[in-house]
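Asks: For the sequence shown, counting from 1, position 126 maps to 234 in this note's numbering; every step adds exactly one.
Bear in mind the hints are in silico, worked out from the structure with no lab data behind them.
Below 16 Å or equal to it, Euclidean Cα-Cα: the simulated EDC-like pairs (lysine to aspartate or glutamate) are:
1. Lys-289 - Asp-613
2. Lys-133 - Asp-219
3. Lys-325 - Glu-145
Taking CB as the label site, the calculated pair distances span:
4. Thr-373 - Glu-267: 43 to 51 Å
5. Gly-189 - Tyr-348: 28 to 36 Å
6. Arg-114 - Ala-275: 29 to 37 Å
7. Glu-487 - Glu-267: 39 to 47 Å
8. Gly-189 - Gly-459: 28 to 36 Å
9. Asp-146 - Glu-512: 35 to 43 Å
10. Pro-493 - Ser-457: 22 to 30 Å
Each residue gets a CB set at the ideal place from its N, CA and C atoms; glycine is no exception.
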Amino acid sequence: MTDETRVEWREWGPDAFAEARAADKPILLSLSATWCEDCHEMDAETYAEPRIAANLNDGFVPIRVNVDRQPRIRERYNMGGFPSTVFLAPDGHPITGATFIGPDGMRQVIDRVREVWEKKGADAGRLPRALRGDLPPAGEVSPQIESHLAGQLEVAFDEAHGGWGDAAKFPLPRTVEFALKRDRSRALRSLDAIRDGLYDPVEGGFFRYADDAAWSKPNREKTLESNAALLRAFANGYRYSGEDAYLDPAAGTADFLVDSLWTGTGFAGSMGPAAGTDYYLLGEEGRDNAPGPRTDLTVYAGGNALAADALLVLAGLTDDERAREFGSRALARVAEDLVDDGVVTHFRSGGDAGEELLLEDQARVVAAACRARQVLGDESVAGEPLLELAAGVADAAIGELFDEGSFLDGPASGEALLSSPLRPLDGNVEMANALLDLAALTGEGRYRDVAQETVAAFAGAWDRIGVQVAAYGTAAARVLRDPLLVELNDGVGSDLHRAALRVADHEALVVPEADVADLADGTARVSTGETTVEATTPEELMEAVSSATPDA
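Make a model of the complete structure from these sequences and hints.
Replies: As structure tokens, then:
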């Protein structure tokens, strides 16, 4: 990402910060990404301008960070989008920052930062409030959490255009999944808007977001994470509606992942527009002669686990063998190359290795292994049974990241703000939901206990949580209710197993090849706490599930 600039970028690390301290210079931190069109534009327009580059090289220590490879830096220094342009004191505390800055704006910012630095020096930086070590406000997990967030689905909904919010539109796939059980009409209307505004009908897959409220100005970047999450949301939309309007984008996105992002061993991290062309607006004929898109070929643990989860949901709902195969292969790649004794490494590429024990990676591997157990049965991956893989990764996260009732986003160590603890709500929610899956599938109550404590750690601020983290309502509801569990004394792929994957809602758990002593062969048991109903045919199973979920 540096070939278009004249700036002498350093890598994030102790050497760069030591240089800033020794030279008594502020730091320019540039957060960028391979897929980020605005990042490349800023490189070409701002950082390639000779006088600006000379000023930055002489008066600052410039550091460039790839936000996909270093997500803990991204979370601590993100200025609200990418690129993020952050000026720091040598201790890593921010002085000021913005997102995209053009040449004229950069000249002004450089002058302002120099003035502040001359007056205050190292005292110019400030530690962000979120990193001061305060614990989140804990409270009781109560039904009002789910009710509040269900109400937010209506309050924040854009009745004119679909989706939530009134400015730039992000698809919020986990919010859609929360809404599918609680406000299905708005959930499906949002999926309609996302499909019409962000889905690429030529090559499949979804653009990352729209620059306007009407979904009419899609940003032309495609990331593995957003496509995997949307694939799962659309597959679940099909689960509830039975309509091809939701199945077709899910299947098309699965094809995009395999055809465009599969590297031979795993899924690449992203695909951005080609340099200097409106690639995604050219149409099919124009694309044949267009330069290739920028693709980050890095196989990230969390993104591949999320893709495995989504592909296996689609396979379970449709018997899509290609989705089943590549979902299994992606999970196997993560388990074989990126998990060691429960510790997940963010990536390995060309001799480089990412950070270990990132909360998001750990949570997604647990969730994907639990999903695979439901769809693929009692299989092994990398020589380890699926639930043992999930339990090992969960145990490592609990042992190393669970602190005073909630999870840190990673080990609180490293340069600058990396040594400050961060307890992200979305990451904690993701882990809580994964642990609830694992508890139901294994019968290990300790995972449920940790999930409940994690949800309670944020419950004191339930009324301030918005629709963007509606999945917190999912976790809170699941903590308060016994899970809907469908256990099958029947093989993977049987009519009963296939029916269970289709009729159970997306927050239920399905266990084929269950080890239940008193369950007859070819029988399913549907349970919610103390209530159990048995079934031997798909029709009986549908009735049993319906009776167990009267509000669904």
